[in-house]
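Protein chains: 2
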Amino acid sequence: MKEIKNPKTLQREMERLRRSGRTLGFVPTMGALHEGHLSLVRRARRENDVVVVSLFVNPLQFGPKEDFSRYPRSLGEDRRALRQEKVDYLFRPLAPSFYLSGHQTFVEARELSRGLCGRFRPGHFRGVATVVTKLFNLVMPHRAYFGAKDYQQARIVQALVRDLNFNLEIKVLPTLRDRDGLALSSRNRYLSSRERKRALAIPRALAWARDEVRKGQRSLPSLKQGILRRLRASKVRIDYVEFVEPDDLTPVRGLKAPFLIAVAGWVGKTRLIDNAIMWP
Amino acid sequence: MKEIKNPKTLQREMERLRRSGRTLGFVPTMGALHEGHLSLVRRARRENDVVVVSLFVNPLQFGPKEDFSRYPRSLGEDRRALRQEKVDYLFRPLAPSFYLSGHQTFVEARELSRGLCGRFRPGHFRGVATVVTKLFNLVMPHRAYFGAKDYQQARIVQALVRDLNFNLEIKVLPTLRDRDGLALSSRNRYLSSRERKRALAIPRALAWARDEVRKGQRSLPSLKQGILRRLRASKVRIDYVEFVEPDDLTPVRGLKAPFLIAVAGWVGKTRLIDNAIMWP
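Just so you know, the sequences run in chain order A and B. Residues 47 to 326 in the working numbering are what the first sequence spells out, letter by letter. Residues 47 to 326 in the working numbering are what the second sequence spells out, letter by letter.
Among these hints, one or two may not hold up.
Given that identical chains are not distinguished, each listed pair holds provided it fits within a single copy or across any two copies.
As the list claims (entries may be wrong) - Simulated crosslink set (DSSO-like; lysine-lysine; CA at most 30 Å straight-line):
1) Lys-54 - Lys-217
2) Lys-217 - Lys-51
3) Lys-51 - Lys-132
The set of hints was computed from the structure by calculation and includes no laboratory data.
Could you put the whole structure together from the sequences, leaning on the hints where they help?
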């Protein structure tokens, strides 16, 4: 695995590979890798000649009071895991050479960034769209891989690729979960074992809702109340529980067509998100 | 000259050319071509294996009360001129296949878009940055050519390329002028012969300022008053006369280092812009 820090060096190398006719698969990450990330890497490995992983804790997508400085970093382990998956390139830029002094160009997906996490993390998705645009221009991949746990992010990236005519394909892979059901997330490392037990209320509330829908429940207020009750019982401080269209993330009224339940909440000082698509 | 309307078709063709090792030069235009455009095309012809010109009157960069619908169109002549310059590809997308329904992703250069024309045409430079991003992703050129008449636009595109890591080089070529001194612009076609005479006050005021600076004039207020007086004498309705840093377009205080004088004003219903760099 070749490690590159300099953006221009990476871009030249990618240009050379692309010209040689090799296909490039790309997995952007912020490190602190878990099996969710590695599932993306494995899929990229199967579908492309060359696999590039970026590791960059993007300051632009953190709010001033958010966890940028304490975001988990585990470079040694990440490196070992990526080597084991036979990754070809690890791109690990330093912030000052990535956002040059005087940086002022930003990318924004308007409607998709408004609701859900966008309401609670102003500027977050502008940070995401901007970093992803930059990374796509540097790596010039044929395919890029994202996890469905960050559903809103994945939709925004898909819109960005379509709207800005990026010459690549986005693949969104299913959320991976621990045995207890908790969605894999780098931020799970923040949780004490007690908090972790409380956090399980999130996947359990979603699983309960799925069961209810299966049994024929079609009342949005009942489902929502049931979820809220379960989260509150575990003292999850709720940012939102929303029922939305899977495509444009606008609120659904009825529960006839497939819909997404998206949840964000705090367990102690840790913000967790999860979601599930329901097929009534 | 091959004419392509479909964005995907163009992108596939460009990808093929790039992979074959050919260099691509790109000149984005809104048509109604004049010698200024053609000077860009000629330079692109000299510096690249393949020359691509786009012709698209971009609705996104026009305000609701601006001249989008009456913007001059002269496809037949444009085509002949481009053929004569041995252009290889004319990309001429239709708006609905260029901005797909539900388009919501926009690119914005913050500080550079604020002053000068940005103040008078809100949203204009977001439209420019967005269309340029899309065109760069579709054409994937090695070099792209812009005219210095639209100085603020050129600076924004340069910032965009740097900030978003586009793998290409921007070339900004000098403003061309008619014999009478008027900067070439597609919008000059709007001018009656009387209006055209009045419009000459703009280049003449800039030429006067240049002379003054040459003679040692270092008072900004005197220069500005002199320019304003000259424009008003010809009944140019002034949007702005600004003295700014050539790099970041912020107002200059003293006149020691090189500075840019940028002018925008109306002659009848026609908005004209011009600028000149001064070397004290």
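Evaluation of the provided hints:
1. Lys-54 - Lys-217: both (26 Å within a copy, 19 Å between copies)
2. Lys-217 - Lys-51: both (25 Å within a copy, 28 Å between copies)
3. Lys-51 - Lys-132: within (19 Å within a copy, 41 Å between copies)
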